[in-house]
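The listed protein sequences correspond, in order, to chains A and B.
Sequence positions in the first sequence follow UniProt numbering and run 1 to 200.
Sequence positions in the second sequence follow UniProt numbering and run 1 to 200.
Treat the hints with caution; some may be incorrect.
Since the list can't tell identical chains apart, any single copy or any two copies may satisfy a pair.
[Claimed, not checked] With a Cα cut of at most 20 Å, we get these calculated EDC-like pairs of lysine to aspartate or glutamate:
| # | residue 1 | residue 2 |
| --- | --- | --- |
| 1 | 49 | 101 |
| 2 | 49 | 126 |
| 3 | 175 | 126 |
| 4 | 175 | 117 |
| 5 | 175 | 138 |
Derived by calculation from the structure, the hints in this document are not laboratory data.
Computed from a prediction, not measured in an experiment: that's the story for all the values here.
Protein chains: 2
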Amino acid sequence: MTIQESGTARPAGRPRSEKAEKAIIEATLDLIGDGMGVSELSIEAIASKAGVGKTTIYRRWSSKEDLIVDALSTLKAPLPPLTGVSVRDDLISLLDAMRKEAGNRRNRCVMNIAMNEADRYPRLMERFMKRAVEPRKEALRSVIERGIATGELRADLGVDMCVAVLSGAMLWHTKWGPAGDLPSDLAERVVDAALEGLAP
Amino acid sequence: MTIQESGTARPAGRPRSEKAEKAIIEATLDLIGDGMGVSELSIEAIASKAGVGKTTIYRRWSSKEDLIVDALSTLKAPLPPLTGVSVRDDLISLLDAMRKEAGNRRNRCVMNIAMNEADRYPRLMERFMKRAVEPRKEALRSVIERGIATGELRADLGVDMCVAVLSGAMLWHTKWGPAGDLPSDLAERVVDAALEGLAP
Numbered sequence: 001m002t003i004q005e006s007g008t009a010r011p012a013g014r015p016r017s018e019k020a021e022k023a024i025i026e027a028t029l030d031l032i033g034d035g036m037g038v039s040e041l042s043i044e045a046i047a048s049k050a051g052v053g054k055t056t057i058y059r060r061w062s063s064k065e066d067l068i069v070d071a072l073s074t075l076k077a078p079l080p081p082l083t084g085v086s087v088r089d090d091l092i093s094l095l096d097a098m099r100k101e102a103g104n105r106r107n108r109c110v111m112n113i114a115m116n117e118a119d120r121y122p123r124l125m126e127r128f129m130k131r132a133v134e135p136r137k138e139a140l141r142s143v144i145e146r147g148i149a150t151g152e153l154r155a156d157l158g159v160d161m162c163v164a165v166l167s168g169a170m171l172w173h174t175k176w177g178p179a180g181d182l183p184s185d186l187a188e189r190v191v192d193a194a195l196e197g198l199a200p
Numbered sequence: 001m002t003i004q005e006s007g008t009a010r011p012a013g014r015p016r017s018e019k020a021e022k023a024i025i026e027a028t029l030d031l032i033g034d035g036m037g038v039s040e041l042s043i044e045a046i047a048s049k050a051g052v053g054k055t056t057i058y059r060r061w062s063s064k065e066d067l068i069v070d071a072l073s074t075l076k077a078p079l080p081p082l083t084g085v086s087v088r089d090d091l092i093s094l095l096d097a098m099r100k101e102a103g104n105r106r107n108r109c110v111m112n113i114a115m116n117e118a119d120r121y122p123r124l125m126e127r128f129m130k131r132a133v134e135p136r137k138e139a140l141r142s143v144i145e146r147g148i149a150t151g152e153l154r155a156d157l158g159v160d161m162c163v164a165v166l167s168g169a170m171l172w173h174t175k176w177g178p179a180g181d182l183p184s185d186l187a188e189r190v191v192d193a194a195l196e197g198l199a200p
């Protein structure tokens, strides 16, 4: 996240500055979550909701798009540490990060709305995907490739099918599962169901 | 689909009338697919795109919402016939219906956009879900319940988890899979991967 333009001295203001930044990010996400589309979203509305002046926003972000990419990226948790020992354990860690992100109702709603704007704002979404989504997908693919190499996963299915079954089952729960928080053991149950299969 | 108000005599006009209806439905879907939200969508715009007069639309649908529910419902194929013999075969039939629906790029795009409007138009989406989505979900659940009863599926996973793995893997392919048509054997491959599991 680019926080300040290089060369702008800002002595002793950091704590307040960070608080403002957080308020601006939260205001942006709240407004998107309330159903405000990217086109309707304005720096004015964000400033007003965050309780800051417009210049405070422009000091940090040169455009609305930059701010939205930053705001959306905060919804994605950082990649969890992977032990690299058992493929099952690493898959659970990765899927559990998906569960945690989707656990917050507003965040889930914002992410749905944002993904839906992908067709209208391809450049914005591409930047978001590249920064926040692709690294996660890549991590999952590489754990699966490792599993195929070690024989922990079947080699005949292909990586895409493994990703589809694992991520898809998580995706289904966030989109269509029973309302309320996702159960804390969901990732483990999904991974075990996927690895062992639905047939006895 | 409610086509005409009861009591309105319409002699010999049926073929032209059906053609107009199809044009109106297609125009509605095209406009949604072009990114027009439910609020922006107007009877005027639909009439103009369909090449019909507004009264032709109002003769069939009493509101924009009714028309949208009908239009979205045409995107869902009717339930496929199920043989009731092997659970594997019936699961493939149900998942293959999902593949066929999602095969059309515009339809996929429209469905994504529509689902995204669910928060803004809960009543509209509820009607659509009830008419076009719930029967499909119920059919899948009942095949899974049958499979658990006959021992073709594990009893310890629960119905939701089986639905999540099967539907989720299809959902993933329609949303994140490689661009282009979904492969014709996708449903069969998903069902076999899900039943047998990713582990050797």
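inquiry  = Within a copy, between copies, both or neither: which one fits residue 175 and residue 117 at a CA-CA cutoff of 20 Å?
reply    = This pair counts as both: shortest intra-copy Cα distance 17 Å, inter-copy 14 Å.
inquiry  = When Cα atoms must be at most 20 Å apart, do residue 175 and residue 126 count as within-copy, between-copy, both, or neither?
reply    = Only across copies: residue 175 and residue 126 sit 15 Å apart there, 22 Å inside one copy, limit 20 Å.
Intra/inter-copy verdict for residue 49 and residue 126 if alpha-carbon distance must be at most 20 Å = Classified as neither: same-chain Cα gap 27 Å, cross-chain 31 Å, threshold 20 Å.
ask   = Using 20 Å as the alpha-carbon threshold, which applies to residue 49 and residue 101: within, between, both, or neither?
value = neither (24 Å within a copy, 41 Å between copies)
inquiry  = Checking an output row: residue 175 and residue 138, CA cutoff 20 Å. Within, between, both or neither?
reply    = between (22 Å within a copy, 17 Å between copies)
Consistency with the previously given hints fails for numbers 1, 2, ordered from lowest to highest.
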